[in-house]
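There are 4 protein chains.
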Amino acid sequence: MSESKALAQACYQQLWQNDHASQHLGIEMQQVDEGHACITMSVKQFMLNGHGTCHGGFLFAMADSAFAFACNSDNRPTVASGCSIDFIRPAKADDLLTATAKRLSRGRRTGLYDVEITNSDRQTIAQFRGRAHQVGSHIIDPTTLASGA
Amino acid sequence: MSESKALAQACYQQLWQNDHASQHLGIEMQQVDEGHACITMSVKQFMLNGHGTCHGGFLFAMADSAFAFACNSDNRPTVASGCSIDFIRPAKADDLLTATAKRLSRGRRTGLYDVEITNSDRQTIAQFRGRAHQVGSHIIDPTTLASGA
Amino acid sequence: MSESKALAQACYQQLWQNDHASQHLGIEMQQVDEGHACITMSVKQFMLNGHGTCHGGFLFAMADSAFAFACNSDNRPTVASGCSIDFIRPAKADDLLTATAKRLSRGRRTGLYDVEITNSDRQTIAQFRGRAHQVGSHIIDPTTLASGA
Amino acid sequence: MSESKALAQACYQQLWQNDHASQHLGIEMQQVDEGHACITMSVKQFMLNGHGTCHGGFLFAMADSAFAFACNSDNRPTVASGCSIDFIRPAKADDLLTATAKRLSRGRRTGLYDVEITNSDRQTIAQFRGRAHQVGSHIIDPTTLASGA
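Residue numbers (my numbering), protein chains in the order written: chain W, 1 to 149; chain P, 1 to 149; chain B, 1 to 149; chain H, 1 to 149.
Honestly, the hints are just simulated from the structure, not real lab data.
Predicted model only: the values in this text are computed from it and were never measured.
Here a beta-carbon is modelled for each residue, glycine too, at the ideal position from N, C-alpha and C.
One thing to keep in mind: the hints can contain errors.
Stretches of chain H that chain B covers, calculated by requiring three or more beta carbons in the stretch to come under 8 Å of a beta carbon on chain B [stated by the list, open to error]:
(1) 8-21
(2) 64-77
In silico SDA-like links for lysine to any residue, alpha-carbon gap of 25 Å or less [to be verified]:
(3) W:K44 x P:K44
(4) P:K92 x W:Q13
(5) W:K102 x H:T100
(6) W:K92 x P:V135
(7) H:K102 x W:R106
(8) W:K44 x P:T53
(9) H:K44 x B:Q13
(10) W:K102 x P:T53
(11) W:K44 x P:P77
(12) P:K92 x P:C38
(13) H:K44 x B:P77
(14) P:K44 x W:G26
(15) B:K44 x B:E34
(16) P:K92 x B:Q30
(17) W:K44 x W:A93
(18) B:K102 x P:R103
(19) W:K102 x H:H138
(20) B:K102 x P:M29
(21) W:K102 x H:S105
(22) P:K44 x W:H24
(23) B:K92 x H:T110
(24) H:K44 x B:V79
(25) H:K92 x B:Q13
Not the full set, but computed from the structure, chain W residues with beta-carbon under 7 Å of chain H [said to hold, decoys possible]:
(26) S2
(27) D86
(28) I88
(29) L104
(30) S105
(31) L112
(32) T124
(33) Q127
Just chain W, same shape as in the assembly (with noise of 0.2 Å):
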């Protein structure tokens, strides 16, 4: 495994810990690595809205969480600034969906991602950028990490 993948799983399982929000949803990783981060969700009745179809706020959570865990990938802890989602079609109740989130750009303390989420047809279900900017120096310790953690 790259250095860049190593680290990456490391600050993802440190933030999963006590990221109840996307233990909550039943996100599940599926890949992590430098500025990307591939996660999947089933649709599951409590996400239902009035019109019955996926409520537009747990699929923007379920793009958030690919976008914190691929901005958060490099051991620099990151907050959303802004974001915005385009709904193309509806999800549906126990729809399994995936959320694909990579790094378009990063400046010094900013960056800026895509991501998709696609059904299990691979059909687009929306479309999510977001804006993000450093918090603070580090996720996990450096020297833990210079120790061969």
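Add chains P, B and H to chain W, keeping to what the hints say.
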């Protein structure tokens, strides 16, 4: 009560019955009128992210619910086509949040809405903007309304 | 005139000198104060697109100028990091447009602003939202200001 | 030349004739096909803002033109309903910019497009996302097309 307010409440009640998502989030309606809605939600443990603050997805979900109640308030079923959110300051566990949605403009089949989320100190937590489009003819059968319900 | 208004005007005048873009668009300042700016612009022939209405780029440019004057109004040089615009109705040749920018919130080095463009019938043409971040220490040398200029 | 590419070029030429805005900006078409367009523009003196870099409005205008040529490429007249832009790095006087628009998805009467602006060092200047909706039946009379023009 004005006729438009009565209609807004009837539409909200109709949508709410099947809105598992808003129920799950513990959202409570405070006020609904034509093109306007005000709801509250407290930040629960399951909404916290790996940074220990409210996951942006749950803030978005709250704003999106307020938006939905506002844009479905005059018996035209509408869904979001695209939304953006700017995060101003973090929300913490047990914070009681208020989301206030108002209509900015409406075309023949589309509408634009703003939602502001504040905490109990009246500090702004997030600013949301959503674009809606109409997807059907009515939420409540108009003949039912005409009969004086 | 209040001190904050005098400072806003001094910042605007300093920026305007080199603002070839706003000059080229024929923008006229109506009012500027701390976190606020109101400008006008008429739709010229060169702004029309292939549909015979004002090209969205020139509406955006107008909103972006109002935003810039509002967010540079307290002597902190700032630039836009990201913006969104929703087009409500078309603007036509010779329409006299007004763009009004106001600050929604401000953090240590960032700010969020809304700009509404209206025509002379007070109809909304577009709604713009912009996020700014500070890029330097000052627009006008503070020692100059202190000496009573 | 494929039929779809010939149609895309015919639609572009039809729109271009009346597109005073794109002409004024000195935009040059490099390539247009179904759902896709690539244009170039150099940053002129009149596009500079008070910070001495290209005014965001002219970057937006360029992206919006690429978007318009891409979404009008299959003879359905469409206009933008809402757009967002993220500014990555400044563009300077005389920079030769390239804007590449591609379709992300299309519904019955709507579409979503991404546009990336790069400079001649292939650095990203801005990322734009636009939502379009159809406003009429055709750009070029279909009977003209059928007659082999």
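Evaluated hints:
no.	hint	verdict
1	8-21	holds (count 8)
2	64-77	holds (count 5)
3	W:K44 x P:K44	holds (19 Å)
4	P:K92 x W:Q13	holds (22 Å)
5	W:K102 x H:T100	holds (19 Å)
6	W:K92 x P:V135	holds (16 Å)
7	H:K102 x W:R106	holds (22 Å)
8	W:K44 x P:T53	holds (24 Å)
9	H:K44 x B:Q13	holds (22 Å)
10	W:K102 x P:T53	holds (24 Å)
11	W:K44 x P:P77	holds (23 Å)
12	P:K92 x P:C38	holds (20 Å)
13	H:K44 x B:P77	holds (23 Å)
14	P:K44 x W:G26	holds (17 Å)
15	B:K44 x B:E34	violated (30 Å)
16	P:K92 x B:Q30	violated (42 Å)
17	W:K44 x W:A93	holds (6 Å)
18	B:K102 x P:R103	holds (18 Å)
19	W:K102 x H:H138	violated (37 Å)
20	B:K102 x P:M29	violated (29 Å)
21	W:K102 x H:S105	holds (18 Å)
22	P:K44 x W:H24	holds (11 Å)
23	B:K92 x H:T110	holds (23 Å)
24	H:K44 x B:V79	holds (20 Å)
25	H:K92 x B:Q13	holds (22 Å)
26	S2	violated (25 Å)
27	D86	holds (5 Å)
28	I88	holds (5 Å)
29	L104	holds (6 Å)
30	S105	holds (5 Å)
31	L112	holds (5 Å)
32	T124	holds (5 Å)
33	Q127	holds (6 Å)
Violated hints, in rising order: 15, 16, 19, 20, 26; the structure is consistent with all others.
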